[in-house]
Amino acid sequence: MEKVRILKRFEPRKENLLSLLHALQRSNPQNYLEEEDLKLAANYLSLPLSFVSSVATFYSMFSLKPRGKYIIRICESPPCHLVGAESIIDTVSNFLGIKVGETTPDGLFTLELSSCLGVCGVAPAMMVNEEVYGNLTPEKVRSVLNDLRRGK
Amino acid sequence: MGKVRLKIDGKEIEVEEGKTILEAAKEAGIEIPTLCYHEKLLPYGACRMCVVEAGPGALKPACATYVTDGMEVKTSTPEIQEVRMTVLQLLFGERNHYCMYCESSGNCELQDLGYKFGLDHFEFPPYEDKYPVDVSHPYILLDQNRCVLCRRCARACAELGGHFVLEVKNRGYQSLINIDLNNQFAQSSCVSCGLCVQVCPTGALVDKRASYLGRKEQAEVIKTNCDRCPVGCGIEVYRRANFILKVYGDWDSPINQGVLCKNGRYLPLYEDRPRLNAPKLKEGGIWTQISPEMAFKVISEKKGAATVFLEGSLPLELLQAFKSALGDRVFALNEVNPPIPSTATLKDLEDADTYLVVGVDLNERYGVVGSMIKRRVVPQNARLIAVEAGSLSGITDFSYEYKDIDTALGEARKGEKVVAVYSSLPEGISERLETESGFKYLFLPYEANTMALKELGIEHKVPQEKVKIYVGENISSARSPGDFIVAFTPFETPELKSVADLLIPITWYLEDEGTFITLEGKKVVRQRVVTPAEGVLTVEEISSRLLKI
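Just so you know, the sequences run in chain order A and B. When we follow my numbering, the leftmost residue of the first sequence carries the number 1, and every step to the right adds one. When we follow my numbering, the leftmost residue of the second sequence carries the number 1, and every step to the right adds one.
In case anyone wonders, no lab produced these hints; they're calculated from the structure. Keep in mind the model is a prediction, meaning the values are calculated, not measured. In this text, a Cβ means the ideal position worked out from N, Cα and C, and glycines have one as well. Any given hint could be a false lead.
If the Cβ cut is set under 10 Å, some of the chain B residues that face chain A in the computed set are [unchecked claim]:
1. 168
2. 170
3. 378
Per label pair, the in silico range of CB-to-CB distance [claimed, not checked]:
4. A:122 x B:106: 53 to 61 Å
5. B:403 x A:10: 31 to 39 Å
6. B:222 x A:61: 46 to 54 Å
7. A:108 x B:117: 51 to 59 Å
8. B:27 x A:122: 54 to 62 Å
9. A:61 x B:86: 29 to 37 Å
Here are the simulated SDA-like pairs of lysine to any residue, each with C-alpha atoms no more than 20 Å apart in a straight line [claimed, not checked]:
10. A:14 x B:383
11. B:414 x B:477
12. A:14 x B:378
13. A:99 x B:174
14. B:403 x B:339
15. B:169 x A:58
16. A:65 x B:181
17. B:169 x A:40
18. A:39 x B:350
19. B:223 x B:252
20. A:39 x B:399
21. B:297 x B:268
22. A:39 x B:477
23. B:169 x A:62
24. B:19 x B:31
25. B:461 x B:477
26. B:169 x A:51
27. B:169 x A:59
Next up, chain A with everything else stripped away, as it sits in the complex (with noise of 0.2 Å):
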């Protein structure tokens, strides 16, 4: 089984169980955790679920349902909010017609928001999966969008 062979990969050692997670988490096409998945964790690091659960539901990168394929990270921290992040949360939410936290009906996008990129230079920012997009307006958001879903 492919999830036993992720487990493999590292020492059955607490210390590893973020990794862990967010291994078993790429590897599933909907970007997030199954119940199953902490289950996995918390045998093969010997952890209570409790513990297993209470990580995996306070970090912000874990989820505990399905995503979509472009994860959308939308900076709010102070410097991207005096410039407008606002203003682009909105686009966005417009745009895909869901609200943050949710995932557009065809998988594609799931809207999320993120604490600082570190990339305040160019605020407002926002990353989608690994890739950052800075100094964005309403329309260079839009047009990004669209070239996603174009599959560019």
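Using the hints, position chain B against chain A.
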């Protein structure tokens, strides 16, 4: 350990190194308000009620800051009081803290702080979100709306109980108490030890049965010892009128230090077998109520042929009374002798590196011993080798069946301080186990007072006689033609009534004072907390009547 000198509120004091500011202040007689802090739990620093000024920089939590030499601490400047007040207002502003509908009103640490700080209004608009309430547990109610997220429950569940069932999920204002993998209590691995309820400072976790029946102030709290198993835990019994509200673990008890199990905290209070309230005699298939005099007259007539079988759940005084009345015709109903005698005490569980638990599910029968082991095994401070240990096998990679006893022993031998824990053992297993030279052995006696039977030299025997007198709470007997069966028992169950000829009511649980000998051989006293119903014969009455037969 060295000493540290510091000043608290201008008072020069000297305390041992490694103490927190809170502990040092307490020694100096200076009170600092707390909420998430609990004496028996590790410092956590979540609520910030205990902030103090200690050197430059931000205010520090007194519960989680350790004293250093020359430290100058101020515990109640106007600035500190203002910060505490804000913290308190924030706590009251979040979730539902309308005290008048809360079971814990009058017995709530949050409410107490509110009064202490003179809170007379909500500074922030009270929160209107609804959080889940879990009523699925048979004994416990969890209302997240009353929770202040101090995490005492989760910490106690892990640090003291060793169960690791409760945790906190999510973050920030969305944080909730989490049970296993987001379960309801009923579907969880909760073993119903009740520690979470005992440590909860608010009305988030409450005892279902005791709810709305009376506050602590209206109850008397009686310290005594539990008689449900041979561990002999210290308990605090909350009594109102002649009714037991609830049972808490006694934090000061050297045996259990506050920890209890389902058997000690809940089960006896939920006992629903019908009580026997007067002696009853069966003649021609009909039960008639008779006087105690009549009952003992019958026993006196049968005395010559009678054999007595005593349960190990009875107090020493009652065992003694039967022994002195009927001498060598007194036997134990159940097994008495250990398969392997004990060489360890509960203290040895504290620093063992390997536990070999054989043939007993500690979660079910000796919950507090289970906690002592689990709280070291789950955080991986010690290993558990479980051989047919029921639900305990779920927390270890070393779980075996009896047929693999040799592999299990081999695994256990890798430890340096090994304690074997067992109750009854099947044939063949005890022989394999007892030859280990490096192990310590902890025998868990079969019943609460098995050790007293042993001390009185009462041996176990399978009942075969025609005239049998049983004494205990879980009596079952076969019946052959010509038998005469007497039962001294608190319960008149249909099963017992179908085989017995004479029933005599005895006291049960906290209705009578009595001595119990724990698994460590210590004598502990179970006190009388409630008066038994009229017609039930006390240990004293039975003893004096037995002398005359």
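Against the structure, the hints:
no.: 1; hint: 168; verdict: holds (6 Å)
no.: 2; hint: 170; verdict: holds (5 Å)
no.: 3; hint: 378; verdict: holds (6 Å)
no.: 4; hint: A:122 x B:106: 53 to 61 Å; verdict: holds (58 Å)
no.: 5; hint: B:403 x A:10: 31 to 39 Å; verdict: holds (33 Å)
no.: 6; hint: B:222 x A:61: 46 to 54 Å; verdict: holds (52 Å)
no.: 7; hint: A:108 x B:117: 51 to 59 Å; verdict: holds (53 Å)
no.: 8; hint: B:27 x A:122: 54 to 62 Å; verdict: holds (56 Å)
no.: 9; hint: A:61 x B:86: 29 to 37 Å; verdict: holds (32 Å)
no.: 10; hint: A:14 x B:383; verdict: holds (15 Å)
no.: 11; hint: B:414 x B:477; verdict: violated (46 Å)
no.: 12; hint: A:14 x B:378; verdict: holds (12 Å)
no.: 13; hint: A:99 x B:174; verdict: holds (18 Å)
no.: 14; hint: B:403 x B:339; verdict: holds (18 Å)
no.: 15; hint: B:169 x A:58; verdict: holds (6 Å)
no.: 16; hint: A:65 x B:181; verdict: holds (14 Å)
no.: 17; hint: B:169 x A:40; verdict: holds (19 Å)
no.: 18; hint: A:39 x B:350; verdict: violated (29 Å)
no.: 19; hint: B:223 x B:252; verdict: holds (10 Å)
no.: 20; hint: A:39 x B:399; verdict: holds (19 Å)
no.: 21; hint: B:297 x B:268; verdict: violated (32 Å)
no.: 22; hint: A:39 x B:477; verdict: violated (46 Å)
no.: 23; hint: B:169 x A:62; verdict: holds (12 Å)
no.: 24; hint: B:19 x B:31; verdict: holds (16 Å)
no.: 25; hint: B:461 x B:477; verdict: holds (13 Å)
no.: 26; hint: B:169 x A:51; verdict: holds (9 Å)
no.: 27; hint: B:169 x A:59; verdict: holds (10 Å)
In this structure, the hints that do not hold are numbers 11, 18, 21 and 22, in rising order.
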